[in-house]
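As given, the protein sequences belong to chains E and Y, one line each in that order.
Using the numbering used here, read the first sequence as starting at 1 and increasing by one per residue.
Using the numbering used here, read the second sequence as starting at 1 and increasing by one per residue.
Straight-line alpha carbon distances no greater than 35 Å define the calculated DSBU-like cross-link-like pairs of lysine-lysine that follow:
#1 E:Lys244 - Y:Lys306
#2 E:Lys126 - Y:Lys54
#3 E:Lys235 - Y:Lys54
#4 Y:Lys54 - E:Lys89
#5 Y:Lys244 - Y:Lys37
#6 Y:Lys306 - E:Lys235
#7 Y:Lys132 - Y:Lys203
Quick list of simulated restraints, FRET-style, between CB atoms:
#8 Y:Ala172 - E:Gly79: 54 to 60 Å
#9 E:Lys126 - Y:Gly261: 53 to 59 Å
#10 Y:Leu59 - E:Val128: 15 to 21 Å
The hints are simulated quantities; they were obtained by calculation from the structure and are not laboratory data.
We treat Cβ as the ideally placed atom computed from N, Cα and C, and that holds for glycine.
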Amino acid sequence: MTVRMRFEKICWQAKAPAPQGGTDAFVCQPGVSNPRSYARRAALRMGIAALALAGSVSAQIAYDSPPDLLKLPERIHLGEAAGVATNSKGNLFVYTRTGGGNATLGASRTFTHGGSRLFEFDRTGKFVREIGEGVYGFLFAQAVRVDARDHIWVVDRGSSMVIEFTPEGRVEMTLGRKPEAVSDAGRGGRGTNPGTNAPGTGVPGDNFNRPTDVAWDGAGNIFVADGYGNARIAKFAPDGRFLKSWGSRGTGPGQFDLPLSLATDAHGNVYVADRANRRIQVFDNEGVFQRQIANVGAPWAICISPGAHQYLYSSNSNEPNSMEGGEIYRLELDGTVLGRFGTAGKRLKEFGTVNEIDCRNPNDLVVGEIANWRVQRIRLRP
Amino acid sequence: MHKKICLLWAALACAMPQFAQAPAETLTPAQLNARAKARNVPEIRFESAPNFLKLPPNLHLGEGIGVATNSKGHIFVYTRSQATRLFEFDAKGTYLREIGEGLYGFAFAHAVRVDSQDNIWAVDEGSNMVIKFNPEGRVAMVLGRRPEPGELAPETPEPYTFNRPTDVAWDAMGNIFVSDGYGNSRVVKYDKNGRFIASVGSKGNAPGQLNLPHTIATDAQGNVYVGDRSNSRIEVFDNGLAFKAIYDNVGAPWALCITPGPHQVLYSSNSNPDNNNSQIEAVTGEIYKMELDGTILGKFGHAGKKLGEFGTVHEIDCRNENQLLVSEITTWRVQKLTLDPVRRPQ
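Chain E with its partners taken away, still in its complex shape (with noise of 0.2 Å):
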């Protein structure tokens, strides 16, 4: 990720160049021009803080964070903390970049192996095993989620793809294809939906540009936001046939600037986080717009609770060369803000730039940080 500051903004660039002409815009939001202005940059906190909220005055949520949660091995480590989620027993997956990948000299391209770790841990937080060790997909850790019956599914940025393990941790099922070799990175990555070619509409099929995460509905229907290189939800039915996508990139309705994050309710509706464009937007399961939720800042991570009272979470998360924001939203799924909780920072129960929020247990929900390098478990107490 590369970052520049131009004046009164904070620039990103969330993504490699664009293949074959691309746009490849750079993401502005206000920012300060001298970060160690503390007064100022408080102010400016408050300001963000005031603009989010949009009117509505909500309470802060105590919480505590038990420290040292998870207990690793001697000579493993995290990295970035991309992806956290827990299964029906409460165990504990974290999908990790923890670098030692390699790409080939002398050979007839340039391919790129390993980067990433998949990891489970009991719900004490004891280390359980390593799962899908030396798998071809794990390149860069983006997500990692648990389905119904407890099949762990990893997203990955790098490989373009979603993997499917069983709950004893084998290959059940892939989407995505990773691109073969360096120069063949970003498959997918063009507006070559046949009828629209609007840019980040991409293939119709599982051909993804650095995709994001996934979810299910009720009927096991696939949902994955894809991603970084296109701008689209793509739907499969629960045995990966292609269904349909939707989405561009733009910032109408149904469409979306860096769709980071999704999640379904109990009917099978999808939300979306839309990073970029700072709002949520909730689509019907056949992706028919619905509504949008723009009073949370800039959705990194969303969840949504299961039972019978649904909640949605939303981390406005700090960027990683930032400490502004960082704060994590509760929210009805009608996006009634209920409080928030938190803020950026280093120490124990601050957070640093969370990309996944796992919310089973909707009082003892998980983040995983990919500035701390961390995994805490977040204790509410409304």
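Using the hints provided, position chain Y relative to the given structure of chain E.
For chain Y alone, coordinates are given in the frame of chain E:
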């Protein structure tokens, strides 16, 4: 009466949207281009054995690029895993061992074949090499040379180097045929000791030319069948590499194999392309069974991720005519298929 039939047809079309999509006129130009020309081909019934290959914990197949069997029925799988790796399984699918772990010539798998002496040959399109292992798994001979770092492939084809080779076959004398490949557009013939004899082919679509020779197989007479993938045709050459015939009605031949025995048959896979375009997948993915003269006996399978569906078949083993092994790219899988026998005209 005519009106009634029309109404009935319309009702059927509405009730069954997939059925309504079937007429050719609704296909896009890209679909028409990808679809095999052969029509009204009989379907061959088949089954796929579930959970066939059993791997140790934390050992995973990546893209199922190559699959082959030896005379004992052992199965060899050449896979693009995190590194490119070659695994051996017994006939029941139980994991036996890894061959060539960390080998200099393993960069990006493309095919594995087993010769009549049970030597195992790996074709690697990343290292530009063809590697012969003896049955014990030791390197016995190598063809081609891995480029030194920064070295580019030669602009014109050379006798002893490849540019992304794809497959290997042998005749009864032990002469070696290599399809070469993505970078060059030719088939090269070597004697059994690896000495260059001849090559044929240049890039193009005229008879005898090739555009991505992706797979090859030989028959008992030593004729060479080349899957000319981007030209969507099979080209047949005699043992001296003189052009003989074209079969162009079975789609893009990604994978060919020829059965042993007195009556040989040819299998050819019109694999769904590995770019996961669902519209092209809808009209590709089937495997054809043919006589060596090109007569189509039947076809089976279609693109998909479920058991018994195909995710870009990349190699077929047909040592046993009605019990095939297929390896698939996009589904990271090897399937064992049992086919119903096809009754041939006497």
